[in-house]
Every structure is written in C-alpha cells, then in structure tokens.
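Participant: Okay, here's what each chain looks like letter by letter:
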Amino acid sequence: MLDRFTIHQPQSVEEASEMLARFGPDAAVYAGGTELLIVMKERLAHFPHLMDIKRIPGLNALVYDAERRELVIGAVACHRDLERSPEVRDRLPALAALEAAVANVRVRNAGTIGGNLCFAEPHSDPATLLTALDARLTLVAATGTRQIPMASFITGLMETVRRHDEILVSITVPEPAANSGVAYERFKLHERPTAAVAAVITVVEGTIADARIVAGSVGVRPQRLLGTEVMLRGLPAMETSAVTVADFIRDEVEVTGNLFESDPYTRQLARTVGRRAIAAAIRRATGEEGGRLAA
Amino acid sequence: MLLEATVNNRPVSLEIEPRAILLDVLRDHLGLTGAKRSCDTQVCGACTVLLDGSPVSACCTLAYEAGGRTVETIEGLAGPDGLHPIQQAFVDRVAIQCGFCTPGFVLTTKALLAENPCPTRSEIADFLGGNLCRCTGYWNILDAVEDAARRLAAAPTSSQGPSS
Ligand SMILES: Cc1cc2nc3c(=O)[nH]c(=O)nc-3n(C[C@H](O)[C@H](O)[C@H](O)COP(=O)(O)OP(=O)(O)OC[C@H]3O[C@@H](n4cnc5c(N)ncnc54)[C@H](O)[C@@H]3O)c2cc1C
Ligand code: FES
Ligand code: FES
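So the protein lines, in turn, are chains A and F.
Residue numbers for the first sequence follow my numbering, so the first one is 1 and each next one is one higher.
Residue numbers for the second sequence follow my numbering, so the first one is 1001 and each next one is one higher.
So here's chain A without its partners, still in its complex pose (with noise of 0.2 angstroms):
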C-alpha cells in the first residue's frame, strides 16, 4: 500500500512549474509513473503532491520541423508513441529500433521519453543514442525557459541540472545529414541493458570526417568517448576502421563496477557492442544499408 497522496491535474506548464515551487520537496512531477511509483512502492521516497503533467495539452506531441531539420518530441510522448511514430521510423531510424526494445510493451505504453530521460536511471536506452545525436532539452518554468545539451544534462547517477520547478516539455531531435549513419547497439540479459554504445558517422568522400561515440549503461551517465572519437576521425570508411577502434573502446570506458558484473567483462561488452555500432554507423553512412534511413 502506498502512503497517502493527492494528485493534482495543472492544465498547463507554468501551472505545474507554480506548484511545484509552492509545494517544494513534497511534490513530484508524475508521468507515466513507472519510476515514480516503484520508488514509493518501496519506500525509498515520499511525495505527497503529485503533478500529473501528462493531461497538458500538447505535450504528447511528435512533430518534424521540415525547415529546421529537426524532430521535436514531446515530453510525456510514450515508449510506444516513439516507436510507433511514421515521423520517427522516417527520419531517426535507430531510434524508432532502439524505442522497440526498451522493457517490455507495458512499460513502453506507461512509460514516457521524458520520464526515463529526469529519472536519469544509468541504463537508460534513449539517453545514450540522444546524447550521441546531439539532441536538447527544453525546461520549462514559471519563471523561464532554458534549453540544456543531452550531453551536459544528466550529472551524475540519477542527477540532473533540471531545477525542481521546471518540466521538461520536449527534446529536440536535430535530423542526421544524409552523409551520415546512426547505430545502437546493447547487450542485455534482463530489463535493461548492460552495455551499449551509439554511434554518428560522418563520411565524406570514403573517409571517416565526423564521429560522435557514446557509452551508455555502463557508468553513472552516458559518456562520450573522445579518444575513440579523435581515433576514428581520417579512417577509411570501411567496417574494418570499428575493428581498428574497438580495444581503445575497451580502455577508454568508464565503468563504475557493481555485483553483477567484473569490471573486465564490463569493459569487454562495451567494446563488443562499440564495434557492432560503429560498423552499422559506416555502413549506414555509405549507403550500404540503405543509407541512412535504414533500421
């Protein structure tokens, strides 16, 4: 039995932001409570007001800004939606896949992309490949709008820079040049992954001329490899180039260990992954797969 609770159904962003700074620590927002609710189930936190932000008008919205090249996804937008979403498959395929596979089709249907993005669970599927894609998050509050990096937006495990006032209303999704490939790929034995690595490949004229590679699952927060990146940066545009690539992935993780696995194995697994991505990565990006748009 949870303790007791009073949900309270703001009709916009600025209502919520407003109680939330009224009610201070004593209030959360709610999503589609997948999180939320196991965290009081256990007792592990308390929150006697909840905001249920998903009744906003709009904020559920899948849109593509054709002008800017860029998708915008509404905060409380599901698993499902994203997987499901014509405009998703379209132009961000691996994330459309990657959607797919995240839990199992009820949470998917629950659980909400800003949800798993605030809670900033360490095995969290999207917030590896949105890092890599370089997308932002808009938050709202009473008070003002900011918009913050994927990359410099989860600080630590399960922390954020979100202000406890502000939602977060969408992630913008900029679309990936027709020149490019992007691939996630996780290695997973129960709900959520172990290790996984996202990759954006540039290729200009059969050389590698951008790359954007990110550990997730494996540390406290998605990292960005740089040295693998640097590394990859002039190789040929072959799938040899992710073999070339794939001890450095090894040594250059950060793995923060826990009970399951040894931390050698850990490292093994995201260079195993790492060179599944970066491969699909470049193979997408000449085309091989059908470009770009291939799943």
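No wet-lab data here; the hints were simulated from the structure.
Ideal Cβ positions, reconstructed from N, Cα and C, are used throughout, including at glycine.
Check before you lean on any hint, since a few could be wrong.
To be verified - If you want the footprint, here are the derived chain A segments under chain F, 3+ residues with CB under 8 angstroms:
hint, region
1, 4 to 15
2, 31 to 41
3, 102 to 113
Stated by the list, open to error - Taking CB as the label site, the calculated pair distances span:
hint, chain 1, residue 1, chain 2, residue 2, range
4, F, T1120, A, R192, 17 to 27 angstroms
5, A, S12, F, L1014, 22 to 32 angstroms
6, F, S1013, A, S262, 52 to 62 angstroms
Stated by the list, open to error - Take a look, some chain F residues computed to stay more than 10 angstroms from chain A by CB distance:
hint, residue
7, R1027
8, V1091
9, R1121
Add chain F with the ligands to chain A, keeping to what the hints say.
Facilitator: Leaving out everything else, chain F with the ligands in the frame of chain A:
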C-alpha cells in the same frame, strides 16, 4: 475521488483513494481476480490488463489512470457462446500449466492481434517477451498465439470478442 470507468463493457463508478492501485481495485473491490500479483514491479506480466486496448501492468498503475477509459480483464473475454477464440486456442494447444500467467498472456495476445493480425513467430516472441511463465511452457504458448491468429482470421467478426 470518484473513479468512473468502463470495466469489461460495464460502467463502473467507485469512490477510490488517489493512491489506490488498479490491481487492488479490480481484485478487492470488483471481484475480478484473474489478474494476479507476482513481481509487483512491471517485470512478469501476471497482472496484465488492457487499458483502452493497450496492455499495462495493473500492479504499477494507479486506478486513477482508468478514469474515463476502458479496462479489459480476462473475465471480459468469454461470451455467452463460450470461450474467446484466443482462450480456446490456449486450451487446445495446452498452453496452460498452472495457469497463473495465462490471463496476462491471453490479454497481451489480444492486444498484439488487434494491431498485427498475422504476426511472425519472432514478432509474437517480442511482443510477449515481458510475460513470464514459470512453468516455462513457452513453445506451446507461441503455438497457441499462431493458432489464435488463424482462428481470428477465419472468423473476423469474433476478433473483437464478445465484450466489445
Ligand atoms: C521493468 C522495467 C524495465 C525497464 N527497462 C528499460 C530499458 O530497457 N531501457 C530504458 O531505457 N528504460 C527502461 N526502463 C525505464 C523506463 O523507460 C522508465 O521507467 C520510463 O520511461 C519513465 O517514464 P515515466 O513517465 O513512467 O516516469 P515517472 O515514473 O512518471 O517519472 C520518473 C521521474 O522523472 C520525473 N519526471 C517525469 N517526467 C518529467 C518531466 N516531463 N519533467 C520533469 N520531471 C519529470 C518524475 O518526477 C520522476 O522523478 C524500465 C522500467 C521498468 C519498470
Ligand atoms: S505483478 Fe505486475 S508485472 Fe508482475
Ligand atoms: S502456466 Fe504456470 S506460470 Fe505459466
């Protein structure tokens, strides 16, 4: 707060606390004990019910969420003419051992076949991947879902089930 919802095609109006969990309301207040509590953390699917046609874990859903929506439990599937074709396929294919997981599997199957009437075996396995059977009769369950898809294709009018 007042919960007004449609449960198995019947209007329900019930005073609930905001903290009430859907599974408890169904089992303790409405006498619908087909959905089971097992893991209590969204992992096993024994508590699966359909909310506006989509599978959710009733163990981790506030009853509040059902307000103004339709809830379907295993009790709503059989009609005056007998079992729903999905249920009959599970029986005929011996996809039930102890039966604890079965309501969840059957309802998840209903949602799958509503959006994908003839899924491949791997699509079935993906969709049902979050439902656990500790008697581990997975092979027969996959057979039953394929069989159910054929039955529903042959008699499309019953695909909605008697309850809708
Ligand atoms: C069994 C299980 C398996 C899972 N497997 C995976 C997996 O494989 N991969 C993966 O990536 N994730 C996985 N998850 C996590 C899942 O994706 C998240 O639980 C879900 O997306 C969280 O969204 P929610 O709307 O339910 O968040 P809630 O539980 O409602 O909220 C989570 C937190 O974020 C805050 N919050 C929510 N929305 C906002 C907002 N818009 N602005 C500000 N604060 C907000 C809440 O106050 C709360 O602190 C799994 C979860 C479960 C239970
Ligand atoms: S009891 Fe609800 S998912 Fe296991
Ligand atoms: S039949 Fe016993 S748990 Fe599935």
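Participant: Next, verify each hint and record whether it holds.
Facilitator: Hints versus structure:
no.	hint	in the structure
1	4 to 15	holds (count 4)
2	31 to 41	holds (count 5)
3	102 to 113	holds (count 7)
4	F:T1120 with A:R192: 17 to 27 angstroms	26 angstroms, holds
5	A:S12 with F:L1014: 22 to 32 angstroms	30 angstroms, holds
6	F:S1013 with A:S262: 52 to 62 angstroms	56 angstroms, holds
7	R1027	14 angstroms, holds
8	V1091	24 angstroms, holds
9	R1121	17 angstroms, holds
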